[in-house]
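Residues per chain, in single letters:
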Amino acid sequence: MLHNLFTPSVQHSLDLIGIFVFAISGALMAVRKNWDVFGIGVLAEVTALGGGLLRDLIIGAVPPAAFTDLGYFVTPLVAAALVFFLHPEVERTQTAVNVFDAAGLGLFCVTGTTKAYAYGLGLTASAALGVATAVGGGVLRDIIANEVPSLVRWDRDLYAVPAMVGAVTVVLCINYDALNAYTSSLAVLTAFLLRLLAMRYHWRAPRAWNRRSASVDVTEETP
Amino acid sequence: MLHNLFTPSVQHSLDLIGIFVFAISGALMAVRKNWDVFGIGVLAEVTALGGGLLRDLIIGAVPPAAFTDLGYFVTPLVAAALVFFLHPEVERTQTAVNVFDAAGLGLFCVTGTTKAYAYGLGLTASAALGVATAVGGGVLRDIIANEVPSLVRWDRDLYAVPAMVGAVTVVLCINYDALNAYTSSLAVLTAFLLRLLAMRYHWRAPRAWNRRSASVDVTEETP
Amino acid sequence: MLHNLFTPSVQHSLDLIGIFVFAISGALMAVRKNWDVFGIGVLAEVTALGGGLLRDLIIGAVPPAAFTDLGYFVTPLVAAALVFFLHPEVERTQTAVNVFDAAGLGLFCVTGTTKAYAYGLGLTASAALGVATAVGGGVLRDIIANEVPSLVRWDRDLYAVPAMVGAVTVVLCINYDALNAYTSSLAVLTAFLLRLLAMRYHWRAPRAWNRRSASVDVTEETP
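Sequences listed follow chains A, B and C, in order. Sequential numbering from 0 applies to the first sequence in numbering that gives the first Met the number 0. Sequential numbering from 0 applies to the second sequence in numbering that gives the first Met the number 0. Sequential numbering from 0 applies to the third sequence in numbering that gives the first Met the number 0.
EDC-like cross-link-like pairs, simulated, lysine to aspartate or glutamate; straight-line CA separation at most 20 angstroms: (1) A:K32 x B:D141; (2) C:K32 x A:D141; (3) C:K32 x C:E146; (4) B:K32 x C:D154; (5) A:K32 x B:D154; (6) A:K32 x A:E146; (7) C:K32 x C:D141; (8) C:K32 x A:D154; (9) B:K32 x B:E146; (10) A:K32 x A:D141; (11) C:K32 x A:E146; (12) B:K32 x B:D141; (13) B:K32 x C:D141; (14) A:K32 x B:E146; (15) B:K32 x C:E146.
I should point out that these hints are in silico values taken from the structure, not numbers from a laboratory.
Construct all of the structure, not just a fragment, from the sequences and the given hints.
As structure tokens, then:
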């Protein structure tokens, strides 16, 4: 059973870690938005579980894991409580949000792809759904926070590419029958590090052809 | 069968009342936003059926009740037509929206929790999904209207807590085998009254710790 | 089998054309919003597949066609690549977006209604879901782009009505056992032409009663 790459307890622990770090990122955004304690809890839950919920609805795994595993539901609340009481100074949160988010991105693109394949999707669809699992929670977070998703903004560092690399790595491993705990961990780390490097060196994706030269109203950025 | 707490016709009538009042709240917001007649209809449908639709997708009750029961579909259109022709002066609508919304909140947190439990979810998950049923339509309404959901705003009166109290009351009744038409009605009334009191006395939820004292740019409000 | 009105290859080709034109509309909006290449791809995918995805989740057709048919997934990427390299001058895109969008609207309201009926929904629910299939992608596009959906804005030309006419035509044909490739094509063309006429002559839907005369703060428009 592909879905259980690791022993069940290791798999479950990794899932909870991914959920926890995404929830931290959601809760910190809610604090920065000056929302109340329920806003913090809601945004933590949505950011942490939204991508997986979407994936489970699409592959027909209902009720979704978010509603059958009490740990999945409680973990974001713990993260929200931590952020509620211990959130660092507002100025210092951006880096923390981003690093936590990168870790969640790496974990979720791998587990999302693996679960989609285990439910019978093709390789391409599995990779696409793995990416959607990884980025879905963040997009929902930005939609609820009434912001343009940072996923699509040209002035944000690469976000989708690391998840795509992680998901494609998993799919290639499946194709060559080489998916195991080691290669999976490698895929997680690759996506995580790529995202960190993208943030460190401000790697960005190009906008539409001929567009960059025409835009004189925006500050010139490293493309 | 837990799902049918009341006789089927009573259950159905309560559902339709909840749908109607939520639809009124959605349609009134569309009027205040100056949308056209289709915007009024769409926002009435989404506000009224969105929470239940989300619940049905999550518990795997497809096609959702919103698409199998003609009354569920037509009721929001009736509400939209009423609002279209008879909407009160714009200045007078806010209170009406809120009271209607409170009634829908009380009804839906109870029926949502009950239906989720009837479909095999655990007690905690049922309560969470009951709350999601009750607040989901309003959140979707605010997202479509391109506003920050009032659910998460610190300067809005308590909204989630009444739904939580209603849902937890139902779950406790289930746990002690005491769920019937009377205790259900009590849970609905409790949530409804709590929401009315929260609006009357401006009960609000705290923002993140240390945050309130640091915010000098906003008007001081009763916490 | 109602779902296959046409020979499978014709049906599939029509689906791909509808997906392609919606994807063009989404990708062009992303270009106008100055998003990066991933934003263009994401908005193309969401606009093209969002309505059908919603429909498939609601009728319980999981995994949705968007994830089982590789062509459905790749087509929006082709459209996004075309727009990325060949997008016309920004000033000229609005008309192109609208005509492409009208074609997708006509195709999707018909195929959406037909598929919903094939999965056992009633006639009214099928028509409603057909309309939701046709307009859903555009609403999701506007939500992700952080705009008020043009569907509900009173100052936009009629959008929902053409889809409703197309969906109701299909439902009437089903009711009188007259649904075939010719009547379906007629329904598609009717919806498409109605939308084009609505854009040409600026047909608009009324806002709430008594509202128009009271609004002195907005420019007077042809109702």
